[in-house]
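Protein chains in written order, with the numbering used here: chain U, 1337 to 1674; chain X, 1337 to 1674; chain Y, 1337 to 1674; chain A, 1337 to 1674.
The set of hints was computed from the structure by calculation and includes no laboratory data.
Owing to the predicted nature of the structure, the values given are computational and were not obtained by experimental measurement.
Take the hints with a grain of salt, since some may be wrong.
For chains that are exact copies, the list does not tell them apart, and a pair is met inside one copy or across any two.
[Unchecked claim] Below, in silico cross-link-like pairs of lysine-lysine (BS3-like), each with a Cα-Cα straight-line distance of 30 Å or less:
1. Lys1590 - Lys1507
2. Lys1464 - Lys1417
3. Lys1560 - Lys1476
4. Lys1527 - Lys1417
Below, each chain spelled out in residue letters.
4 protein chains.
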Amino acid sequence: MTKTRVAILGATGYTASELIHLFARHPYAEITALTTRSEDRPHVADVHPSVRGLLDLYLEPLTDDELAARADCVFCCLPHKASADRVPGLLDRGMKVIDLSADYRLDDAQTFTEWYGETHPDPDRLGKTPYGLPELFRDKIVGANLVANPGCYPTSSILPLTPLLLNGYIKPEDIIIDSKSGTSGAGKSLKPGNMYCTVNENFQAYGVGTHRHRPEIEQVIARKTGTLPSVIFTPHLVAMDRGIFTTTYSLPAKAADEKELIACLRDFYKNEQFVRVMDALPCVKAVAHTNFCDMTVRVVRNRVMTLSCIDNLVKGASGAALQNFNILYGYPENTALI
Amino acid sequence: MTKTRVAILGATGYTASELIHLFARHPYAEITALTTRSEDRPHVADVHPSVRGLLDLYLEPLTDDELAARADCVFCCLPHKASADRVPGLLDRGMKVIDLSADYRLDDAQTFTEWYGETHPDPDRLGKTPYGLPELFRDKIVGANLVANPGCYPTSSILPLTPLLLNGYIKPEDIIIDSKSGTSGAGKSLKPGNMYCTVNENFQAYGVGTHRHRPEIEQVIARKTGTLPSVIFTPHLVAMDRGIFTTTYSLPAKAADEKELIACLRDFYKNEQFVRVMDALPCVKAVAHTNFCDMTVRVVRNRVMTLSCIDNLVKGASGAALQNFNILYGYPENTALI
Amino acid sequence: MTKTRVAILGATGYTASELIHLFARHPYAEITALTTRSEDRPHVADVHPSVRGLLDLYLEPLTDDELAARADCVFCCLPHKASADRVPGLLDRGMKVIDLSADYRLDDAQTFTEWYGETHPDPDRLGKTPYGLPELFRDKIVGANLVANPGCYPTSSILPLTPLLLNGYIKPEDIIIDSKSGTSGAGKSLKPGNMYCTVNENFQAYGVGTHRHRPEIEQVIARKTGTLPSVIFTPHLVAMDRGIFTTTYSLPAKAADEKELIACLRDFYKNEQFVRVMDALPCVKAVAHTNFCDMTVRVVRNRVMTLSCIDNLVKGASGAALQNFNILYGYPENTALI
Amino acid sequence: MTKTRVAILGATGYTASELIHLFARHPYAEITALTTRSEDRPHVADVHPSVRGLLDLYLEPLTDDELAARADCVFCCLPHKASADRVPGLLDRGMKVIDLSADYRLDDAQTFTEWYGETHPDPDRLGKTPYGLPELFRDKIVGANLVANPGCYPTSSILPLTPLLLNGYIKPEDIIIDSKSGTSGAGKSLKPGNMYCTVNENFQAYGVGTHRHRPEIEQVIARKTGTLPSVIFTPHLVAMDRGIFTTTYSLPAKAADEKELIACLRDFYKNEQFVRVMDALPCVKAVAHTNFCDMTVRVVRNRVMTLSCIDNLVKGASGAALQNFNILYGYPENTALI
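For reference, chain U alone in the conformation it holds in the complex:
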């Protein structure tokens, strides 16, 4: 059987490294091109020492035509805006694209400009591109040519909240999302905030009230539930490599105890292999290096709380991207994801 040929656009970061490890286990696909802006053409094993022996490619500055000659599907790991600059050219040449940037996640160009401070280069595809959370939008992903791969915080928040909203258990107003993320979520850029001695033995909030994942969470929930929720989103930086833990506090819309609320989630995700609804409290370590999202519910005083975790690099990025890839190409959805 011919393997599906995969390219990674922007292959120097953590999500690319994770994709290479995942595809090394994929029986039906192979990575055939890696790109970088740099003219140095480094070998992938020098950029990502852990993949030495798994892939023998150089990172190259490839044009759209060169990519089209070498790949069927492109995983776009470029920064926001840079991604939407490239995606139309890739689609025009018949490639499928899974975009890991934020460029195609929002509903409209105006919101994009408001939160990302840039004019969107490809506004017509906004609102029409499926959001790559298969557990909620699988029917939209099947047959698509472009998928907007979800943000890490949104995945950890939308998955537990949506079933409770859809079933009328919680109100869409005054949802508080207090999230905590490992440091790989901040990317590989050389800034003081990412240094070992800054992060280690430290804990802090950042982007309070201003983080770009807030509109993503709100618009995606609205797309699924029909009602725009009002969210307060507070991310915190944790001294660990990977993992997100999200604690949410919502107002109940009708009386229900923990048992009923957990049953609601369990029923909603009963056919989803990658969502594990639990009675016990979840923890990051049980999902690290996996594509699982673990979650539970608690009722405390006048609030419904959800507690959920994912690995930000797997279910929050590269694992979800591979799950979307498997859907696009008709492979078993969990291929190379267990």
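Add chains X, Y and A to chain U, keeping to what the hints say.
Just chains X, Y and A, lined up with the frame of chain U:
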């Protein structure tokens, strides 16, 4: 000048180790007795290797009379209930006591029984013992014989919330406190949850809706503001040795922007050396190994947020205890605390 | 195709958890039994939360006959001595056994008693059981019924040293091995030395001159090279979950520069997928969660140094065990190991 | 009493932060000037958030004359070479200087050029400047105007080795020093090797055979013992903020057991408060945030091993610098160091 003689009751834990380091710098006091239930009488340097050379004492099972012969003031680091079993005997013999357990923090024996599952051995002192947060209750601490040293989570929560409540900026209802603590807060007991490979690269909530610091926070705020608030308190365990970061979400009681709210805190604590009100977001690392509490305020949508940090072993335990000691004995309040 | 049925004897520890994750990817085998001494019969997802959804079995106290009815091959994860108490019964019933304890690694019962303080229950198999390092003893493993899975420190030491000894580059006398291991290597037992606040932000040596992996290193090298080396072995405990870094210092037996020595290793391992000989210095993170052993050589003054790393739970334990399993059953050796 | 006025030249790094914390406790000295090359003149609390409230100064680009007007003593925390460019001017203006760079530690300009790749700007002071390890060179430090503050690795190595060499217990040839350092030792520079996700859950060697602390160790030991030793020095980077653990392997020069060797160290340091010779194995955590050097000896096969630890930012840098300061000004040597 004769030094004040200090005993530590229950000297095997982290708070005792921290007290010994702090007293090694104290010019007006010295540690003269350390106790343990064990008959092994270990040398303090074998129990706490870091204090070798700073203190040459053995841990011994001492009676109240033996303690009275050797110490003027006792820092009681026993578990809850065990502390209130000993404290009356110490006070009867004329010693002053700073109690680091939870036994004298609550207002009444009924609440104690409800949350700690024990009958309080010394109920008459509840509601009359000053709560050892000098920034709020200094006048009650001066001249006391017994001080209830605050809990770590309560200190990190009460300090930022109280001035906003007292000045009518936030409502006492529906206060959400999302706290994150380093692992020394869990104490030194040998349980799976405290193992390195359980905690490291992990993040989790615990005691959701059931943690004993919730009634402490509510009652102490009520004592200062006159109104019992309603609090949802969620603690989380973080892979770091020390430090607490507390994020709170309150409903505004009147219109005010961040500038005004920060000014409120700054004014309230203008004479307090150990509270640092900041415009920037605080972080745990800036307060680790210090007696400072750093804090700021943010307004996000319909909520007033406070963000604050302390070192749970210093301002959240032993540092606060030493601050209380300095007040009890009339020493400059920051002695050995800088 | 019928899958090979696998049992894990002593399934509560870290190596069992790792085996379950690895076998979840194995197309030709499945885990069919898990044992524990406890009568509680816990579900595997309650013992190892990360495997929830990957395996639906209970841990049970099974007899040899019960195991024989349910499994073709047993991975024995019992403590030393306990393992050799069970292994003969398993072999007698026709099962193959991969023993992760130290019980069958040494050459003779006397050395076992000297270092482990116990009389060996099954001395006749000592010296005849293949040592499960396929890169050195693959021909002995093929067709075996029992394999002694290597210790983690020995794997990290024997792999770089053996080719240099075999090719006469270094002397077998005065080999210094300075190793550093992540904390999972210490196992899951509840002891003060394994507590988060003991290990975190700490670094220490242990078992200096007395660690049981020294005779294993010496005897296994002797088995391969014909000469018993003299080793000084110093293990250190590092604040990380997994990984071993081993630095060795040997006396040169003939003149050779780094290039020649690296070429020696590269040639020796040229057909071995799981050994990556590099010019650059290796690091633990590049091998964590993989079955690779990375290594290089340096010449400093009068010494030949090797620097090597493995993941102690994968190539140092469960990954090597699976590699041996694949050999025993004729599956591609890297099945489920990439 | 007038306080001694202290300036820190190059006040943006970790050693400056540590000095500020230490001087906040010093009753006889105060920091009166902080310098930086930047024209931004940032407030020290914005550069080092942890010192907010302890010092109210701005970092300024000050000339030698400006420094002379404001300070009696300068702690020079500049990079190597930059330091020796400034030191003569400071001395000429009558200030005392404690130099934390490597510029005045070596014996001669040729060795400096060989290892640091620069022509030394002030070669005449090489070989004449006291090496600021008071436990070995106190008599040279008293009365000096310039002190070369020791390197962190050298302090951890020289202190345990020197007494054994002086007493003829070990040979100066073939000394192997295998050191492991926390990440603050790498400084605050923005490089990939210092990123959280690079260092965390990782372990690696660096500078194998080429680290500049090797000639420092050799020359300083020669200065004290009269014989130039031959050292192999291997540094490793550890995922912890601070601390150095050094394991050395030496050839015995005469027969002696551990007891005798430990007694040798104990006797040599019997009047030194900051050296703690122990029977037990030392660990980094017991010396972190202190000025102690903990050490012991083991005899394994044909080798004498020393195991020692310090906090690289305290005894390995700023604490030692303050100890030297106290000697220069006649204050009790442990002032502000307990």
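Hints and how they fare:
no. : hint              : result
1   : Lys1590 - Lys1507 : both (9 Å within a copy, 24 Å between copies)
2   : Lys1464 - Lys1417 : within (17 Å within a copy, 60 Å between copies)
3   : Lys1560 - Lys1476 : within (12 Å within a copy, 56 Å between copies)
4   : Lys1527 - Lys1417 : both (21 Å within a copy, 26 Å between copies)
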